[in-house]
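Asker: Chain by chain, the residues:
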Amino acid sequence: MAEQISIFIENKEGRLAEVTAILRDAGVNIRALSLADTTDFGVLRLIVNDNDKATTALRDQGFTVGKTRVLAVEVNDEPGGLNQVLDPLSEQDVNVEYMYAFANPQCKNAIMIFRFDDLEKAKVVLAEQGIKVIDKEEISNL
Amino acid sequence: MPIYDIDYETMPREGLEAIQLRRLQTTIERIYATVPFYKETYDKAGIKPSDIKSLDDLRRLPFTTKQDLRDNYPYRMFAVPMDQVVRIHASSGTTGKPTVVGYTKRDINTWADLMARSFAAAGATAGDIIHNAWGYGLFTGGLGAHYGAERLGASVIPVSGGNTKRQITIMQDFKPTILCGTPSYILHLAEVALEMGVDFKDLSFRSGIFGAEPWTERMRRELEAKLNLKAVDIYGLSEVMGPGVSVECVEEQKGLHVAEDHFIVEIVDPDTLEPVSPGDPGELVFTTITKEAFPVIRYRTKDITSLNPVPCTCGRTHMRMNKPSGRTDDMLIIRGVNVFPSQIESVLMESREVAPHYQLVVDRVDNLDTLTVKVEIDEASFSDDIKGLQAMEGEISHNIKEHLGVSAKVALVEPKTIERSQGKAVRVIDNRQF
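Residue numbers (the numbering used here), protein chains in the order written: chain P, 1 to 142; chain B, 143 to 576.
Only chain P is shown next, with the shape it has when bound in the complex (with noise of 0.2 Å):
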């Protein structure tokens, strides 16, 4: 299980490099990130090593922030390598609402981070595939 940082920024011009100026004076790395925006305003969706400190900088400088639960996979980096994991989920009826990836060079494959809408069933789910999670230290330890 991994935890997910989400802050509410406004479609303004350099709302962005505020956020993440912000986390490089705190001293916290950026380890993966989506922004998902609509015409007035994005969701920016962070992994980092230290959710702590992340947050309470952020909430100094006056974001909203959130946190969300979501799962760390590692995907074989090969052809098909997704679909190993998307089609046993599928067949339980497990929706993704969002993804993204994950840079991470100390390893051969890739990791991508889920947000499903049943979490726990996506974990038996992925369990029984022998899929691998990723907790949260090892994340903050990548």
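If you're looking for bench data, these hints aren't it; they were derived computationally from the structure. Among the clues, some could well be false.
Claimed, not checked - FRET-style restraints, in silico, Cβ to Cβ: (1) B:TYR278 / P:ASP87: 55 to 65 Å; (2) B:ASP572 / P:ASN29: 43 to 53 Å; (3) B:GLU333 / P:GLY14: 30 to 40 Å; (4) B:MET491 / P:ASP52: 25 to 35 Å; (5) B:ASP413 / P:GLY14: 41 to 51 Å; (6) P:ASN29 / B:SER549: 42 to 52 Å; (7) P:LEU35 / B:ARG469: 40 to 50 Å; (8) B:SER549 / P:ALA127: 45 to 55 Å; (9) B:ASP411 / P:GLY14: 45 to 55 Å; (10) B:ARG469 / P:ASP60: 33 to 43 Å; (11) B:ARG201 / P:GLU10: 44 to 54 Å; (12) P:GLU18 / B:ASP572: 25 to 35 Å; (13) B:HIS545 / P:THR38: 18 to 28 Å.
We put the CB at the ideal spot given by N, CA and C, even for glycine.
Position chain B relative to chain P; hints supplied.
Answerer: Same frame as chain P, but now just chain B:
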């Protein structure tokens, strides 16, 4: 231009004031006997109906406010039993509950007369075809103008608001000669007509009566140039009657003649509530002196304007009020709909315990008012689910439309980004250039 009611509209001031006093005394006596609110208020102030011996004595009576109407919601300000009430209208109040007003048969009759006078003042006669683009419904504009047009003997097209392209087709085919509506909507309509390749020079309009929201001389020039007609201003509010309380004459187009045989007009300093010096601006206050179902005494309109006692070249002796220039409260008029920031606040509070910080931004795009409600997000309502956040915007927007009857775009914004002055949020940014 012919004056509709020559006897009353051109009556010498002396005679007019004698009629006003008699009608005022009758009204005060009647409401003292029939409306508990007035009896209690006057008893408390130690005033009896018999104390009203001159028009100046009106100043001894306490004011009536929108709050008083709200406290007596819905019917307790009515001065007749319901079996004599033949019509009910309502306008928006400050907290979701509307202000309810009633009319007897005679009130409807008076109103029709005053609207007929208004059309005549704009240059209309029985031979005219009147295109009525004010909304029909609880709002007094549509039906008020409708009855007045019929009373004048003109042909009225009850087109109501919206459906702009169809309105333009009707204008081309039915050839109306007099136009009435909300000025910002009419300007929008003119632009749509232009896009459709319709030139108002090819239409048949001679005059337009515009009101239900404040408009300026700049807008008059624009309306007259774009629509190829003479534009006159009309004023009214449901609490006093509806449109036709005052109207400009097409001869001068300079100030609105108040129907002084039915309403006594005062201008007071909104802080001291004392009368201002003649001609000075202040809050407009009305007393109805012929209304049966819903009389109001010294009703504070919250509109800011001044009176012009100079006799008018049109021959009417009724005093003119200048175009209202603003409000003493925070009421906004958006596409003819009255909107109070507090109403938006109560909508926002429907779904939560505490109202979030919000701000109303009003713009005018292509002559149509747009309302954007900015709402600060907080951690309690934030989720990383974009669809959920958009649904929240949609729900607020839907609730505003349901409760206030006005379309608004809702935009979630970051916390603490709404401007605060001295710790207090700036609730309204009005970017409209009137």
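Asker: Indicate whether the distance between the beta carbons of P:GLU18 and B:ASP572 respects the range 25 to 35 Å.
Answerer: Given about 30 Å between the Cβ atoms, the range holds.
Asker: Is it true that the C-beta distance of B:TYR278 to P:ASP87 lies inside 55 to 65 Å, as the hint says?
Answerer: 60 Å, holds
Asker: Confirm or reject the claim that B:HIS545 and P:THR38 have a C-beta distance inside 18 to 28 Å.
Answerer: Given about 25 Å between the Cβ atoms, the range holds.
Asker: Assuming the hint says 30 to 40 Å, is it satisfied by the Cβ distance from B:GLU333 to P:GLY14 or not?
Answerer: 36 Å, holds
Asker: Taking the CB of B:ARG201 and the CB of P:GLU10, does the distance hold inside 44 to 54 Å?
Answerer: 53 Å, holds
Asker: When you take the CB atoms of B:ASP572 and P:ASN29, is the distance between them in 43 to 53 Å?
Answerer: 46 Å, holds
Asker: Between the beta carbons of B:MET491 and P:ASP52, is the distance compatible with 25 to 35 Å?
Answerer: 33 Å, holds
Asker: Evaluate the given range 33 to 43 Å for the C-beta pair formed by B:ARG469 and P:ASP60.
Answerer: 41 Å, holds
Asker: Given a hint of 42 to 52 Å, does the C-beta separation of P:ASN29 and B:SER549 actually sit inside it?
Answerer: 46 Å, holds
Asker: Do B:SER549 and P:ALA127 keep their Cβ atoms within the hinted range of 45 to 55 Å?
Answerer: About 50 Å separates the Cβ atoms of B:SER549 and P:ALA127, which means 45 to 55 Å holds.
Asker: For B:ASP413 and P:GLY14, compare the CB-CB distance with the range 41 to 51 Å and indicate the outcome.
Answerer: 45 Å, holds
Asker: A range of 40 to 50 Å was offered for this pair. Does it hold for the Cβ distance of P:LEU35 and B:ARG469?
Answerer: 43 Å, holds
Going down the numbered hints, you'll see the structure goes against none, and every one checks out.
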